[in-house]
Structures are given as structure tokens and as C-alpha cells.
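Dock chain R against chain V, hints included.
2 protein chains.
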Amino acid sequence: MHSLSVHTDGSAAEALQISQRLIQVGIALSSETDLQRLLALIVQQAKELTHCDRGSLFIRAGEELRFFVVSGDKQLQDLCIPLSASSIAGYVVLTGESLNLPDVYQLPTHVPYTFNRQVDQQTGYRTRSLLTVPMRDPSGQVMGALQLLNRLQPSHPTPLDPDQVVEWSQPFSELEARVAESLASQAAVAYQNVQLREELKSAHLETIFCLSLAAEYRDQDTSFHLKRMSNYSRIIAQAMGLSNREQELIFYASPMHDVGKIGIPDAILLKPGRFTPEERLIMNRHPEIGYEILSKSDSELMQKSAIIALTHHEKFDGSGYPRSLKGEEIPLEGRIVALADVFDALASRRPYKEAWDLVDIFRWVEENTGSHFDPQVVAAFNRGRSQILEIYHCYREPG
Amino acid sequence: MHSLSVHTDGSAAEALQISQRLIQVGIALSSETDLQRLLALIVQQAKELTHCDRGSLFIRAGEELRFFVVSGDKQLQDLCIPLSASSIAGYVVLTGESLNLPDVYQLPTHVPYTFNRQVDQQTGYRTRSLLTVPMRDPSGQVMGALQLLNRLQPSHPTPLDPDQVVEWSQPFSELEARVAESLASQAAVAYQNVQLREELKSAHLETIFCLSLAAEYRDQDTSFHLKRMSNYSRIIAQAMGLSNREQELIFYASPMHDVGKIGIPDAILLKPGRFTPEERLIMNRHPEIGYEILSKSDSELMQKSAIIALTHHEKFDGSGYPRSLKGEEIPLEGRIVALADVFDALASRRPYKEAWDLVDIFRWVEENTGSHFDPQVVAAFNRGRSQILEIYHCYREPG
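Protein chains in written order, with my numbering: chain V, 1 to 399; chain R, 1 to 399.
Some hints here could point you the wrong way.
Heads up, the list lumps identical chains together, so a pair's fine if it works in one copy or across two of them.
Stated by the list, open to error - Mimicking EDC-like on lysine to aspartate or glutamate, the simulated pairs with C-alpha atoms at most 20 Å apart in a straight line are:
hint, residue 1, residue 2
1, Lys-304, Glu-206
2, Lys-201, Glu-248
3, Lys-201, Glu-300
4, Lys-271, Asp-221
5, Lys-326, Glu-366
6, Lys-304, Glu-199
7, Lys-304, Glu-288
8, Lys-201, Asp-298
9, Lys-353, Glu-397
10, Lys-47, Asp-120
11, Lys-227, Asp-298
12, Lys-296, Asp-221
13, Lys-296, Asp-219
14, Lys-296, Glu-397
15, Lys-47, Glu-167
16, Lys-296, Glu-199
17, Lys-201, Asp-34
18, Lys-315, Glu-367
19, Lys-201, Glu-246
20, Lys-326, Glu-367
21, Lys-227, Glu-198
If you're looking for bench data, these hints aren't it; they were derived computationally from the structure. Remember, predicted model here, so these are calculated numbers, not experimental data.
This is chain V alone, in the form it adopts within the complex (with noise of 0.2 Å):
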């Protein structure tokens, strides 16, 4: 990183407090866990400290860059364009250098970068000043740029007419070039701690799909029935107002919940016709086998996934099974994942049965509530209704 101290312009005592904020912003950006906030937060405040009207992050992928441009509330992103130096983020990334340019519509003649008229033409706004800048790692790789458009007067206020920014605009100067350096190596980090985290996480989901479908491996379940169940019960309990740790916890855990079947032998489980009662009784045994198997380990996710295969036959009104519990003496989680799995079962074509019509579903699990399922639920699960059919569009059986 560049030092601050090297400044032509501005105060020690400028510098100072400048520096003071950017200890701040450091910690602010490493504690944001949600990637999407961490982008805008980060252009958020390179555009405080260095008195702009916008800002975008280009991320290194691969040869590409991934374009994210925050402009007020508006979040355009997923953009792409290659990595080449013939732009200017591509030549900051490439080469590790700033770029500082007073006015991208007259840029000298003997650079390899050009600036991309392109943008300013579709999103109808002008930039002039730009300062882009490497996010840089502390192994020294640039993983990406900061680019910040249009430097205004700090005193203004925001001009709302584009012609009126382009006249306002000014160069960046020294020490804001400093600044968004020093920030951007901060958002580096940030990122890469974000994005590490992200990518154990769906480790972890795909270890959990992946070793739930082995468990029922006999029963031909598909890892479709368990990623839209798991889906399911995650809108139904944000729709029930359960904490976003909650919400995760049953999202994580309920595809585990038939994991039990393991216990049952081939002779049952893989029997074509009916069961005898007997039979049944056996077959039954799958939440208690499931509960044992899982609730061995004391993470908080396993002692989840041990409730929730435990209790997830059991019945509203104590009906079900295995304990005949009744009302909220069934666990929350079982209560979310007994409608969860029982309306994609329905909604399923199984080699026993056609999959039902959905309007037929719905009706079908109105007319259980109370009965097998948890009015509050229910309630829960109607006002999710447009993301569970988005979910089941989403995660369609192929074929």
C-alpha cells in the first residue's frame, strides 16, 4: 500500500482523520457477512471518502471481470466483460497500477485503454473524472478494482442532472487516489473472507445432500425432493418470522430427515405392494433410527436434524407417529418439515402414483389443517405460496 503521508495536497491533519475513518471502514467491512452488502458498503465509502458521485466493483473471474455498479439504491450486477487491458479496469487489474484520469472523453493518445462510451450511452449519465484503483491482496494479487466516477465538491450538494454533474466534476486528487487505494486493499480481505465462508457453507450443503440421498440410497429419493423440501421449509419458517440463524438451521438440517431409512431392511423398504401391519411397524421405526444415528453428534445443525427426523410424521392433532405427539409438544421444526414434505410428496410423480394437481394440494392441505398440520403453519406456508411455486419450478424433476 501506498502511504498516506505522500499526499500533495491536504493537511497532516486531514490525512490524519482520514486515516482514523479508514480503521473504521476496516472493521465495519470485515465484520459484513452477506456478500451483496459487503459490495455496496464498500462502494458506499470509498465514494464518502473521496467526495464522488458513483462507484463500481470489477471482481476478477478468471479471465473475466464481474461488474458491479451501485448507483444510489439501484444495484445493477452479474455483468461481465474479459480481462484485457484495453479497458481501463482490466488495465488496473492487469498491471496493478492506479489510473487517475481527469476526463475519460479526453484521454491521451498513447494509451492502451480506452474508455467504454458505451456505458454512459445506455445508463444515460456522463462520467469525466475516474479513479480506479487494484483491490489488492495482502499476498500481493490483484483480485480486482475499485472504480469511482465523477469527483464533486464535498460542500455541494448532489447534482441530479447529468450535464450538471459533468460540469461539477473534478479531478481526483492525490491523496483520495491514496485513500481508495488503502480502502480497496481493506475490501480485498473483506472479500476474500466473505467469499471463503460462503464457499464452506455450500460445502457443507453439498456434503449434507449428497450424504442424505447416499442414506436413501435403497428408497430412490431424489436430490431434487430434498432440495426443494429443505427450500420449502426455509420460506415457511422466514414466513413464520424465525430468525435468520433459525431459518439456516432447518434449511441445513431437514434434508437429513429420512437418513432412518438406513435401519429398515431391504425385505420392507424394497417390498412393491402393500405392508402388512407388521410390516408397517417397521417401517415406522425410520424417525427413531434416524434420531439415534443423528443425534450422536452435538453440533447444533445434527441435534437439529435429530428433531427434525424424530418428529416429522407426528400429527397436529396426535395422530401421528412415533410418539403421538400432539399439538406443540411437536417440536417447531418437525411441524414445518411435516408440511414441507408431505405437499412435495403430492406434488411429486412416484412410480406408485401420478403427482397431484397443485390446486388439488393446496386445497388438500387446507382441509387437513388443524388435523394433520399446524394452522400456524399452514397460515405460514400460504403466505410463502409465491416463492414455494418458485421453488418448484426452480428444482422440476428432469425429464
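Just chain R now, kept in the frame of chain V:
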């Protein structure tokens, strides 16, 4: 955080220099992923920034404070003291106030806290000036305290004699107190991030053990077997010089090596006596079934586990199954897990056999090097023997 500009000594230029240093320190702390190294880095940076002789950290754990002393290359840790305002660190954690004490052997009489001279007596050290600041996370919660001992003149060489340390010990300045507070806030976020990541990883590992065991439910394999063999695999990978990332992947992936047994019919898997050749053929399909199940997921971990499942019964001379691969045709992770798995099977009692003596196993492994096992894997296994034996004793079957 208190502003560094509110200080009674030191020039603005000095404060600016320190602020910029703190920005760098914040980035360094944020990018550290190992908890032990992070703790050492926090204390080291705090010592350098405040010119003191020693430092320690107190991390709040419920109603206790966990105590980490870092002095030179020694790290004392996992000592606990009750969280109470009668200790200096406890007072700081409970009130959120910093304490900047010029001489802890001459505390004012009216204060609620006392200095515990026993620690000095036990360590042969002599504390005089002591600065203790809260580690406050961005939500305002105090999650610990940073404690700095004996402020020395930056220009002096560090004295080795405890009496000289006392003689040279000076009070910490107000600026140093503010710097330590700022650093402690950065440290709080970095610590929480690493802790959260460790929690995510350990939850993932729990899931792997629990669900891998579920898949082997009928086979009555034990979680101890899975824990031992995955640790053995990691030790071998480490002794072979594989990267930390590769070691970790093998450690997480290896417990899933037998999930394919889920696809073996009860009639064969649960058969008490010897297999007929036809039954053996079916039984030997478990590596391929495991591969089929695990390779459905794209995650790097599951891909690795699929390869291990497929190849852990191959032998170095080509006499293994299912593909009779030879030498380096067998992926390295398969060769590693082959040895770890067989070693643990021989060392364990099974319903049909006693546990072998370790001496016999090591001899048998030696005899089968080049035929069953890769000589390089065996060499690494022998280099890691002391760690292997540690795991062997640590994860014994109960009873």
C-alpha cells in the same frame, strides 16, 4: 472507538504514521486464518505499536476469561480465570473501560480490582506499568481484553533481567492507550471471523462423520474407526509434503470411503459366514457404488471423496479391485487411504477377529510394501509413526 486525534502527547505526524500502520495491521489480522497465529499476531503488533515488553489476551467464554500469554516464542494458553471485576482484565471486560496503570504494585486503595502478584511470582517476572483495553466488536459487545505489560523506551534494547525491566518500565501514554484500543477493536472482528470459520468447518466435519456412519449403519462400523483412519490419512498426507489444502481435503473426504456399502443388499452385507465367490463380487461393488453416489456433487470435497471411495481397495501391484489399477495409476489419495484403512482395521477388534499387536501390523505393512501398498506412502506412514500412535491411543474404542 476513541479518536486518535484526542491525545495529549505525540504530534499529529506521529499519530498519522501510527494510524496508517493500524490500517496495515487491520488488513494483516483480517487475512490470518489460523486462530493460534492470529492471537500471536495481535499481541506482537500491540507490543510493537506500544513499545512494551509483554502482552496477553483474555477471551471471554461465558462466565470465564480464557487467558493467552504470548512472550517471545512461548505461548501459554487455555488457562481460565473466573470473569469478575476483582481482576484487572475482568474489570475491563465487564465495564468496557480501559485501565492504564503506571504501577500495578501501587494501585489506588479505592479501586475494585487487584493485581494478582502470583502470576509474577510463578513466572519470575515483574510487572510494573500495565495497559488493559477492551476488545469490543462492532456491535459494541466486549469479547475480551488485550493486556500490555511494561512500556519500555523504544530506543533501548529489550532488557533480559526482570529487575531491569521494572527499572525501565514507564507508564503508557494516552496515545498508546488509544492505539491499543483501536487495535483491540480490529482484533475483535478478526478473532470473531476466524472463530466463525472454525465453527463452520467443525460443523461440516461433524456432518461428514455422522452421515458417513449412517451410510454404514448396517455394517456396525464405529465413529472411532472413521476418526482414526481420517487422522491417519492426514498424517500420511502431511508426511508426504502435500499442501495444507490437500491434507485437509483428504482428512474431510476419507471418512466417506465406504458409503457405497449402502448399496449392498442385506443378504450379503449382513451375512455372518464367508462369502461365496458370487457374493464377494457383489460386495466388491461398493467402491463403484460409493463413487456413483459421491461424484454426483460438483464440490471439490465430494469429488475427492468419490475418488477415494472408488480407489481405496486398489493395490499397488494391480491385484486390487474394482479396476486392478497399478502403481501411480491409483490416485495418491486412494493409495494413502488404502494404508490408513487397512492399518486401522488390523489394529481393531472385530466380531470375527482380535486386534493385532502393533508390532505385528508394522511388520505386515513392511512385508506388503510394493505389493499392496505404495512404498512412498509407507515411508511417509513410518515418518509419521509417533503421530499415528498418538491418534491410536487418543481414539480408542470405549470398553
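Item checked: Which numbered hints fail -> none
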